Amino acid sequence: MKRFEKITIKAMALLLSVFALESTVLAQGNPTLSDAEVASAAVTANQIDIDFAAIAKEKSKDTQILEFARTMANDHQAVIDQAVALTEKLSVTPKDNAVSKQLKADAEKTKAQLRAKSGKAFDKAYIDNEVAYHTAVISAVKDLLIPETENAELKDLLTSVVPALEAHLEHAKMIQQKMSKK
Amino acid sequence: MMTPMLVAMHRVLFPCALLLLTGFPTLQERPATKTHRLEIVRMKFSPSNLSVQPGDTVVFINLDMVTHDVTEASGKTWKSPPLAAKSSWKKVMKTSASYYCSFHPVMKGTITVK
Ligand SMILES: [Cu+2]
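Chain order of the listed sequences is B and L. According to our numbering, the first sequence is numbered sequentially starting from 3. According to our numbering, the second sequence is numbered sequentially starting from 27.
Check each hint, because a few of them may be wrong.
What the hints assert, rightly or not - Taking lysine to aspartate or glutamate and the DMTMM-like style, the derived pairs with C-alpha atoms no more than 20 Å apart in a straight line are: (1) L:134 - B:168; (2) B:119 - B:108; (3) L:105 - B:69.
Calculated from the structure, these hints are not laboratory results. Remember, it's a predicted structure, so these values are computed and weren't measured experimentally.
Can you build the whole structure from these sequences, using the hints too?
Now the structure itself:
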């Protein structure tokens with residue numbers, strides 16, 4: 003029970019930090035993020051989940067976790083490839099910004115926490131974080147990045163990524179539930 | 027030199043002769059089988075419930091940017107190879123099946139053969 007509370011608090015903290023970001027960015031008036039900054043935030047968010055997957059590949063022995071992590075690495079790389087191809091086509095150079103910096107800073111903390119765990123505790127921490135992270139990224143993409151995007155093709159790309167993020171979230175929740183029954 | 031009349035006769039007689047030799051195959055067989063298009067788009071099989079006749083072909087087309095597959099639900103009878111973005115795979119359906127994507131198990135569908 004205690005563990006569950008801790009996770010919920012962590013998930014909430016992650017969500018709050020995204021919401022805080024949104025309000026900071028939105029408070030500055032429109033448009034606050036250029037398309038170059040949106041592209042950078044999108045690539046960063048995807049790269050972070052690839053990094054989490056790499057830690058899982060290194061630390062987990064659970065087939066289910068390893069397969070999930072492999073799908074995360076492949077899918078998020080496919081999104082990055084599409085985003086990079088589009089920025090090249092549009093001659094936009096992704097630009098580091100408050101959102102991508104915040105995402106990276108949060109991810110570094112999470113990676114340290116994941117690396118400190120092993121065995122079943124790692125598997126649980128990894129999948130709990132995948133649930134929290136996808137929840138946060140879905141809301142950031144829908145409520146922040148998409149509304150901030152000017153270019154129609156970039157907006158379409160971000161919109162088409164949402165169903166994949168939602169499927170990942172449902173998949174992670176499925177594994178989370180199975181593990182809690184073991 | 028063939029007169030136009032002869033040419034016309036050849037055009038009629040040759041197919042007739044062919045039909046006689048092969049015994050009117052099209053009249054003896056069941057109606058031709060159909061090909062059904064099944065899109066994989068926005069992380070869903072569409073249509074997710076499809077009805078086909080025995081022997082019909084179903085073509086799965088991946089329109090997403092991520093790789094999917096089509097795996098029969100028991101995991102024992104059939105499975106497509108990984109379908110990268112924009113690739114497709116076809117299967118002749120003889121029996122009904124439930125299926126899912128092994129990369130994204132939340133993606134599911136059924137094909138009813140009747
Ligand atoms: Cu899939």
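**Item:** Hint numbers contradicted by this structure
**Value:** none
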